[in-house]
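Generate coordinates for the entire structure from the input sequences, incorporating the hints supplied.
2 protein chains.
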Amino acid sequence: MTGGTGRIFVVGLGPGNAAQRTPEADAALAQATDLIGYAPYVARVEAGPDVVRHASDNRVELDRARHAVELALAGRTVAVVSGGDAGVFGMASAVFEAIDHGPAAWRGVEVTVIPGLSAVLAAAARLGAPLGGDFCVISLSDNLKPREVVHRRLAAAAGAGLVVALYNPRSRARPDQLGAAFALLRTILPGTVPVAFARAIGRADERVILTDIAHADPEQVDMSTLVLIGCPLTHTITRANGEKWLYTSRSVAAPCA
Amino acid sequence: MTGGTGRIFVVGLGPGNAAQRTPEADAALAQATDLIGYAPYVARVEAGPDVVRHASDNRVELDRARHAVELALAGRTVAVVSGGDAGVFGMASAVFEAIDHGPAAWRGVEVTVIPGLSAVLAAAARLGAPLGGDFCVISLSDNLKPREVVHRRLAAAAGAGLVVALYNPRSRARPDQLGAAFALLRTILPGTVPVAFARAIGRADERVILTDIAHADPEQVDMSTLVLIGCPLTHTITRANGEKWLYTSRSVAAPCA
Numbered sequence: 001m002t003g004g005t006g007r008i009f010v011v012g013l014g015p016g017n018a019a020q021r022t023p024e025a026d027a028a029l030a031q032a033t034d035l036i037g038y039a040p041y042v043a044r045v046e047a048g049p050d051v052v053r054h055a056s057d058n059r060v061e062l063d064r065a066r067h068a069v070e071l072a073l074a075g076r077t078v079a080v081v082s083g084g085d086a087g088v089f090g091m092a093s094a095v096f097e098a099i100d101h102g103p104a105a106w107r108g109v110e111v112t113v114i115p116g117l118s119a120v121l122a123a124a125a126r127l128g129a130p131l132g133g134d135f136c137v138i139s140l141s142d143n144l145k146p147r148e149v150v151h152r153r154l155a156a157a158a159g160a161g162l163v164v165a166l167y168n169p170r171s172r173a174r175p176d177q178l179g180a181a182f183a184l185l186r187t188i189l190p191g192t193v194p195v196a197f198a199r200a201i202g203r204a205d206e207r208v209i210l211t212d213i214a215h216a217d218p219e220q221v222d223m224s225t226l227v228l229i230g231c232p233l234t235h236t237i238t239r240a241n242g243e244k245w246l247y248t249s250r251s252v253a254a255p256c257a
Numbered sequence: 001m002t003g004g005t006g007r008i009f010v011v012g013l014g015p016g017n018a019a020q021r022t023p024e025a026d027a028a029l030a031q032a033t034d035l036i037g038y039a040p041y042v043a044r045v046e047a048g049p050d051v052v053r054h055a056s057d058n059r060v061e062l063d064r065a066r067h068a069v070e071l072a073l074a075g076r077t078v079a080v081v082s083g084g085d086a087g088v089f090g091m092a093s094a095v096f097e098a099i100d101h102g103p104a105a106w107r108g109v110e111v112t113v114i115p116g117l118s119a120v121l122a123a124a125a126r127l128g129a130p131l132g133g134d135f136c137v138i139s140l141s142d143n144l145k146p147r148e149v150v151h152r153r154l155a156a157a158a159g160a161g162l163v164v165a166l167y168n169p170r171s172r173a174r175p176d177q178l179g180a181a182f183a184l185l186r187t188i189l190p191g192t193v194p195v196a197f198a199r200a201i202g203r204a205d206e207r208v209i210l211t212d213i214a215h216a217d218p219e220q221v222d223m224s225t226l227v228l229i230g231c232p233l234t235h236t237i238t239r240a241n242g243e244k245w246l247y248t249s250r251s252v253a254a255p256c257a
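From first to last, the protein sequence lines stand for chains S and E. Each residue of the first sequence is one higher than the one before, starting from 1 at the first, in the working numbering. Each residue of the second sequence is one higher than the one before, starting from 1 at the first, in the working numbering.
If you're looking for bench data, these hints aren't it; they were derived computationally from the structure. Please note that a few of the clues may not be correct.
One copy or two, it doesn't matter: identical chains are merged, so the pair holds either way.
Quick list of in silico lysine to aspartate or glutamate cross-link-like pairs, DMTMM-like style, CA-CA up to 25 Å [to be verified]: (1) K244 x E219; (2) K244 x E148; (3) K244 x D100; (4) K244 x E70; (5) K244 x D63; (6) K244 x D142.
Rendered as structure tokens:
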């Protein structure tokens, strides 16, 4: 490694299906000498034998980001990879945070963020058109923010009639958090508001469960699930074959909720 | 045209750059016998001479959606196209709304929604990582919802510390609406909160303006602009060459705003 002309691509790999990854992402990955990221995402990238894979555990985003900057400043072309879109609860924010808090020289590194298809878009498409109105995207994880902030945001969003997409809905360390969120939302939304659990969309083990907020059961949700909570304008269409579509009306006649 | 085996693909074309369109979208478009959509989007699709292009004006989404269903039930393979993601203020919701309110037979039509890279994700990547925390996506258009609903949602989102992405920020019919939204947000957010105007990202006429909520000037915004309003945890990094990155901290130490 010699100094100078390295760079960082922060690449969103999409939901897990190569057909949902953009050509722009493929082109960036093809230039990489080094791949950095959470091990399952690094494993998803096809690369030649000369490419160095720096796979790491979850929860070490800042260490990973600093490592990427150091490699780039040493002249390597580094692809920092995330599932979905790297800007949505992925590695992009960690890379800039590392640079912002690092030595002044770190601001000289070239960083290009390549957007990817986020899980919320893939899940919504699989369900129909539940994001047809205004919506918000919230991480339920309390690793990085207090639970009261999460609850305040959920209440504000649901109270204002936004559809809510929840990332990181559940983990072994906080098995009760999703149930608490549903309990809060039941105090705000009519019980009939549709709720969808969209697991591993675009992958072989994809699974979709449709329910409503009155009956939503956290036990049916794992960390690979995108939880989508409708608003009072989210409708269900039942087809002759029993399949269902969800969509949210584009028109709001009067204040929703 | 003979009845029976038609279908609808609702396809998100991405932000306007072919490298940001997924292979899945290309594969769906390649099967289409008919293309339906707002004229500039239909014009973006390369297709053979046998493919019928039904380009229409803006604001006729439901007519377009009904036409797509009728063609599909007559045996055609119809691609209904939107810029960005068809599920985010695009045609997907209109297609399901048409089916929901149409004859019972319409529920038999096959509909597949192919997700696309939404403008908010492309704009965020171009800016750095402004969506690093929780965020919401709101259409400022009052064609389909009362202005008071828009304002209630903006106030709820900003008050709860969400980053706000605004679609359809301005049109000739409502030139003052964005200014009213900024005025509202100035009563809620510190004046230093970063604001970005990201116009036509991924296209030849791309343009980015960075400012803050105290100084945000609606005159710099047109209908092709994605307006991104940070939260108090959105930071600016200034590089030695004068370029700037925006990112939002992943960590929330205490209630934001």
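Hints violated by the structure (listed by number, smallest first): 2 and 6
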